[in-house]
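So the sequences go chain by chain: W and E. Here the first sequence is numbered in my numbering, starting from 72 and rising by one per residue. Here the second sequence is numbered in my numbering, starting from 13 and rising by one per residue.
Derived from the structure by calculation, the hints contain no laboratory data. A hint or two may mislead.
[Stated by the list, open to error] The calculated DSS-like cross-link candidates involving lysine-lysine, where the alpha carbons are at most 25 Å apart (straight line), are:
(1) E:Lys66 - W:Lys108
(2) E:Lys36 - W:Lys79
(3) W:Lys108 - E:Lys36
(4) E:Lys190 - W:Lys79
(5) E:Lys66 - W:Lys114
(6) E:Lys70 - W:Lys80
(7) E:Lys70 - W:Lys114
(8) E:Lys36 - W:Lys80
All values derive from a computational prediction rather than experimental measurement.
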Amino acid sequence: MDEQEIDKKIESVLMREPDFQLPSTFADRMVSMITAKQQTSRKWEIFWIAFTGFLFVVAVGVSVYLTGFKPSFSAFPFLNNYAGLIVFGALFIGFLNWVEKKFLQIKSAP
Amino acid sequence: MTSDKALVNAVLNGDRRALHDFIKRHERLVSHMVTKLVDDKSDREELCQDIFLKAYEKLGEFNFQSKLSTWVATIAYRHGVNHLRKRKMKWADLPEDTDDWNFVEPENLQQLVEEEDMEKIIQRNVEQLPPQYRVVLTLFHVDGMNYNEIGEATGMPEGTVKNYLFRARHLLKESVKKYLGQEEIL
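Throw the hints in and build the complete structure from the sequences for me.
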């Protein structure tokens, strides 16, 4: 047997498909597994959001009870005397946003 | 066939059919990688599952800089290597001087020559190479990847990939010559 024949023999062995093959249902099972995992993780997300909200409410309740906190507007009632200023502030901020979107963002775009 | 980009986008948008196609398209490649890295047959299927779960979780990070198959192969290779490390399996390299590498003990060679044909002996010798060599050989010869793609998948420099292929084939050739020598003696 010459060198070329040996090379061919080795090549044919190396090109052989490995004996291990995944079952034909593997992809279906994987899809089901991933879907089930997603559903479980979504359920957990909802649970944690609800649990966090519940804990927050409990913490607020306990804090109010322990500190004897009574809600008040504190310093804010004085704002009643400056209604015009507040309206002007809101309009002015809105105007600046509009100017930025209309002129500045277009100019700075690449 | 759907392009990589279309397939990835469909999977990310929750298309189950696309997810099925994604797995079908890459299951052969992943099973090849796992087969060459992990000898224990009972671990292989579970490892393939873990690799696809990981690939699905990380799919949003795929940036289309390489082929999707190369990216999946990278995940499979890293996962397989981590598995070997966890099991504390040996990650040997071939000696610098490949003449020092013996596939079978000389006293067993004669018995093998009597019992088996040459292809079986080559196959047996391939299985005795270190895992990284087996992976490179399979990706090149069975999966048709080029040096660059194999380098990306395994994290090896292109020169190392070429070197591994050359050394492995050289060793196999030497083993065949040894086998033929024994056959002549018999």
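We went through each hint and held it up to the structure:
no.: 1; hint: E:Lys66 - W:Lys108; in the structure: 12 Å, holds
no.: 2; hint: E:Lys36 - W:Lys79; in the structure: 31 Å, violated
no.: 3; hint: W:Lys108 - E:Lys36; in the structure: 19 Å, holds
no.: 4; hint: E:Lys190 - W:Lys79; in the structure: 17 Å, holds
no.: 5; hint: E:Lys66 - W:Lys114; in the structure: 20 Å, holds
no.: 6; hint: E:Lys70 - W:Lys80; in the structure: 40 Å, violated
no.: 7; hint: E:Lys70 - W:Lys114; in the structure: 21 Å, holds
no.: 8; hint: E:Lys36 - W:Lys80; in the structure: 31 Å, violated
The structure does not agree with the numbered hints 2, 6, 8 stated previously, though it agrees with the rest.
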